[in-house]
Amino acid sequence: MKEFRELRRDRRTMAMIVFLPILLLVVFGYAANFEVADVTTAVLGPQADQAAANVLPTFDVVETDPDGTEQTATDLLQRNTADVAVLTGTQPTQVYVDGSALFSAQAAVSALNRLGDQVQVEILFNPDLKTSWVMVPGIVGLILMFVGTVVTSIGLVKERERGTLEQLAVMPIKPSTVILGKISPYFLLASLDMILVTVLGMLLFDVPFNGNVAAFALGAALFLFVVLGIGVFISTVSATVGQAIQTAFFFLLPQILLSGFIFPLDAIPWGVRWISYLLPLTYFTQISQGIMLRGAPIDSLWLPFLALTVMAVFVFAGAVLRFRRSLTPGKPRRHRHAKVAA
Amino acid sequence: MTFGAHEVSVRFGDLLALDRVTVDTDAGSLTAVVGGDGAGKSTLLRTVVGRVAPTSGRVLAPPPEQIGYQPSSGGTWPDLTVAENMDFVGGTYGLRGARLARRAAELTERAGLTAARDRLARDLSGGMRTKLGFCLAMLHEPTLLVLDEPSTGVDPVSRVELWRLLSEAAAAGTAVLLSTSYLDEAERATSVLVLEDGQTLLSGTPEEVVAGSPGVVVRTAAATRPEFAWRHADGFREWWPQAPDGGQPVEVDLEDVAIVASLTNHRGAS
Numbered sequence: 001m002k003e004f005r006e007l008r009r010d011r012r013t014m015a016m017i018v019f020l021p022i023l024l025l026v027v028f029g030y031a032a033n034f035e036v037a038d039v040t041t042a043v044l045g046p047q048a049d050q051a052a053a054n055v056l057p058t059f060d061v062v063e064t065d066p067d068g069t070e071q072t073a074t075d076l077l078q079r080n081t082a083d084v085a086v087l088t089g090t091q092p093t094q095v096y097v098d099g100s101a102l103f104s105a106q107a108a109v110s111a112l113n114r115l116g117d118q119v120q121v122e123i124l125f126n127p128d129l130k131t132s133w134v135m136v137p138g139i140v141g142l143i144l145m146f147v148g149t150v151v152t153s154i155g156l157v158k159e160r161e162r163g164t165l166e167q168l169a170v171m172p173i174k175p176s177t178v179i180l181g182k183i184s185p186y187f188l189l190a191s192l193d194m195i196l197v198t199v200l201g202m203l204l205f206d207v208p209f210n211g212n213v214a215a216f217a218l219g220a221a222l223f224l225f226v227v228l229g230i231g232v233f234i235s236t237v238s239a240t241v242g243q244a245i246q247t248a249f250f251f252l253l254p255q256i257l258l259s260g261f262i263f264p265l266d267a268i269p270w271g272v273r274w275i276s277y278l279l280p281l282t283y284f285t286q287i288s289q290g291i292m293l294r295g296a297p298i299d300s301l302w303l304p305f306l307a308l309t310v311m312a313v314f315v316f317a318g319a320v321l322r323f324r325r326s327l328t329p330g331k332p333r334r335h336r337h338a339k340v341a342a
Numbered sequence: 001m002t003f004g005a006h007e008v009s010v011r012f013g014d015l016l017a018l019d020r021v022t023v024d025t026d027a028g029s030l031t032a033v034v035g036g037d038g039a040g041k042s043t044l045l046r047t048v049v050g051r052v053a054p055t056s057g058r059v060l061a062p063p064p065e066q067i068g069y070q071p072s073s074g075g076t077w078p079d080l081t082v083a084e085n086m087d088f089v090g091g092t093y094g095l096r097g098a099r100l101a102r103r104a105a106e107l108t109e110r111a112g113l114t115a116a117r118d119r120l121a122r123d124l125s126g127g128m129r130t131k132l133g134f135c136l137a138m139l140h141e142p143t144l145l146v147l148d149e150p151s152t153g154v155d156p157v158s159r160v161e162l163w164r165l166l167s168e169a170a171a172a173g174t175a176v177l178l179s180t181s182y183l184d185e186a187e188r189a190t191s192v193l194v195l196e197d198g199q200t201l202l203s204g205t206p207e208e209v210v211a212g213s214p215g216v217v218v219r220t221a222a223a224t225r226p227e228f229a230w231r232h233a234d235g236f237r238e239w240w241p242q243a244p245d246g247g248q249p250v251e252v253d254l255e256d257v258a259i260v261a262s263l264t265n266h267r268g269a270s
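Protein chains in written order, with this note's numbering: chain A, 1 to 342; chain B, 1 to 270.
If you're looking for bench data, these hints aren't it; they were derived computationally from the structure.
C-beta atoms are modelled at their ideal positions from N, C-alpha and C, and glycine is treated no differently.
Among these hints, one or two may not hold up.
Claimed, not checked - One-sided and incomplete, this derived list gives chain A residues near chain B with beta-carbon spacing under 8 Å:
(1) Gly-163
(2) Gln-167
(3) Ala-169
(4) Val-170
(5) Met-171
(6) Pro-172
(7) Ile-173
Construct all of the structure, not just a fragment, from the sequences and the given hints.
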């Protein structure tokens, strides 16, 4: 009975007990699917319209371009407009597959194999369809998320738990300086972690880095602001380290399961997929996979960059303002400083 | 220069944490705020240092750079060494180089922490940690030193050492405002404020407070007025509005006076 009474009053644990089974049921019931039913396809070349009308059911034609060339096909895949590009007018028909969209590529290759010699398939960006090539860019995001959210919130909550945040608040330093001093080491550590994981991934698994390093760094920085913001927010609603870890769990688990990092977004039904588009890791994974594997130009990734920018502004600013409030409880009414004799 | 709070009230939602409380301390003097748990001691001190905004009343405090504050949690960074704690806090107050080194060495020497300079704060004993917290609060030579229950949970020997440091600070001209649950400590202060449920029960110098106590306290073997009696040594002490026949009046101390004030506050002076 004691345990039930305590549990009833521990709302976070109760939420975990109720929320977790529902989340796992929904995810593994609806979203845990590696099979992509509709592979986005562009049909190019002189017989584009005719070919588009006769594609296999696996392929969902999103673009046709009778004037399209091999270069057009590569560009469309690189910009993630389609996962497959069919170039007609050659014998046999040339089909380009985006290997960075691993599960779509596997579905496409499996369907195309049934056509035998009628098509010649070329897999771009991940020719051997290696899982590690797709996972490493996602793991970079996971590492950033772990340091930004879990480690940051623990660091801030520890300061509050041992009462030293109170002392910092009384010291003659601006709240913004306190916040900057608390957050910047985590920003730096997460950045170093990201570089380490990226380089190790390249060395150990031969993962390519085909894109612009600056664009990748910008995406990582934006993502880091979002996850640091989540970490700061968690610290403002947690009184103990245990509570912070518990709360962070609620933020981390959906991102791991629904961001497309493990299960392909294209295989998740829209009833659940909309949640994926609220999660920052979804957008960072799109950026990191796009830049590292496909060498995608930054303008083709405008949507994930925009989403992360909006999230960074709102989440980070909101969390920092909330944290700031705990440092400045408001000016006392009629408070005044006494003049002190030298 | 006098610092403190005048007629300060603090309300947290429905809870009136402080009700028109006045406290002050002058340069060179030491004011003790006494009370049990939930009396409002920490709220009053946090109001004086600017952490809590009063609902009404006036706070008189120097600018933040002239305040030294030790929160009830001790105010030390456990994963930093004694020297690193000093460097961090000193740097925050603008102390650098030789000046910081000299001041830190002087304080650690006086607090008996010189040998522990390189030990992590988390590895210090409770008494040593409290003294480190005091040193950190005193590092920048504040005009007003505010200490929230510095002696709670500290062994008697360390309490004596802490009070020596406090007395030295006051003697050097610092205005000291501290809270404590120990009435015997409060007797050593220049002035005392006794709080109960956010209200002032008693205030003044310890002598004034004792002299102003109403009625008479007698020693008895068995309590005849249990609602106004409390255990003391091997018998009881009992408060009466006037000396009862045959009672043995005793010389009251601050503890007796605070108990009488609390009992009469709750049960009426009859």
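Taking the hints in turn, this is what the structure says about them:
1. Because the smallest distance between the Cβ of Gly-163/A and any Cβ of chain B comes to about 3 Å, under 8 Å, the interface hint for this residue holds.
2. With a cut of 8 Å, the hint placing Gln-167/A at the interface with chain B holds, because the nearest CB-to-CB distance is about 5 Å.
3. Look at Ala-169/A: its Cβ gets to within about 6 Å of chain B, closer than 8 Å, so that hint holds up.
4. Because the beta carbon of Val-170/A sits about 4 Å from the nearest beta carbon in chain B, less than 8 Å, this interface hint is met.
5. A distance limit of 8 Å between C-beta atoms decides the matter here; for Met-171/A the minimum to chain B is near 5 Å, and the interface restraint holds.
6. For Pro-172/A, the interface hint holds, since its Cβ comes within 8 Å of a Cβ in chain B; the closest pair sits about 4 Å apart.
7. With its C-beta approaching chain B no nearer than about 6 Å, Ile-173/A sits inside the 8 Å limit, and its interface hint holds.
In this structure, none of the earlier numbered hints is contradicted; all agree with it.
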